[in-house]
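> Sequence:
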Amino acid sequence: MKQNINFLTTTAVSPPLTRAMLIVTVWVVTFLILLFWALIQKNKLHEINRYVEAAQTQNKIIKDKIQTLSRTLANSAVDSDKVASHSAYPSIHLTKYLNQIAKNYVQGTTIDYIHIQEGQKILIEGKALHPSLVTKIVDKWTPFEDRPFKIKIKSINPQTKHVAFSIEAE
Numbered sequence: 001m002k003q004n005i006n007f008l009t010t011t012a013v014s015p016p017l018t019r020a021m022l023i024v025t026v027w028v029v030t031f032l033i034l035l036f037w038a039l040i041q042k043n044k045l046h047e048i049n050r051y052v053e054a055a056q057t058q059n060k061i062i063k064d065k066i067q068t069l070s071r072t073l074a075n076s077a078v079d080s081d082k083v084a085s086h087s088a089y090p091s092i093h094l095t096k097y098l099n100q101i102a103k104n105y106v107q108g109t110t111i112d113y114i115h116i117q118e119g120q121k122i123l124i125e126g127k128a129l130h131p132s133l134v135t136k137i138v139d140k141w142t143p144f145e146d147r148p149f150k151i152k153i154k155s156i157n158p159q160t161k162h163v164a165f166s167i168e169a170e
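Per UniProt numbering, the sequence shown starts with residue 1, numbered consecutively.
Read the hints as simulated data drawn from the structure, not as lab findings. One or more hints might be untrue.
Derived Cβ-Cβ restraints for the label pairs, each shown as a range [to be verified]:
| # | residue 1 | residue 2 | range |
| --- | --- | --- | --- |
| 1 | V24 | Q56 | 41 to 49 Å |
| 2 | M21 | N59 | 50 to 58 Å |
| 3 | D64 | L39 | 45 to 53 Å |
We put the CB at the ideal spot given by N, CA and C, even for glycine.
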């Protein structure tokens, strides 16, 4: 004779009460799992928010440094009366001053044009310019070590040796 043993009925508690206890236990365990999962998600969200705040702070610092560099470039080696009051206009006097630096650096190098765009980007164009010269020019006016700039070659004309660089936030 085979005996079917029902484990729910083998306890001393009545079967309907055992079933209710099992259902309550499943709900409690499910609730605890969901609560634990929510706490993990909250920690992840908090960590993501910290990264976003740090990135925004870093971005603001970089923009401030570029604006400082722009102002310094616009005001260096020139009387404040002679410089255009609006930073979007190129400074002829600044171009002449940088040309003196460029001639000492590489023979035949000239800087034709400097344009500061709203303190966000600086464009330098000239003949026979080299990235190391542009880096040297930027280093001359950057008192900080972390170099938050990208110096990119915007265009090169091999026939005229005309090169355009842009200096902008990374």
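> Determine for every hint whether it applies to the structure shown.
Hints, one by one, checked against the model:
no., hint, result
1, V24 with Q56: 41 to 49 Å, "47 Å, holds"
2, M21 with N59: 50 to 58 Å, "57 Å, holds"
3, D64 with L39: 45 to 53 Å, "38 Å, violated"
Hint 3 alone, counting from the list given before, is not met by this structure.
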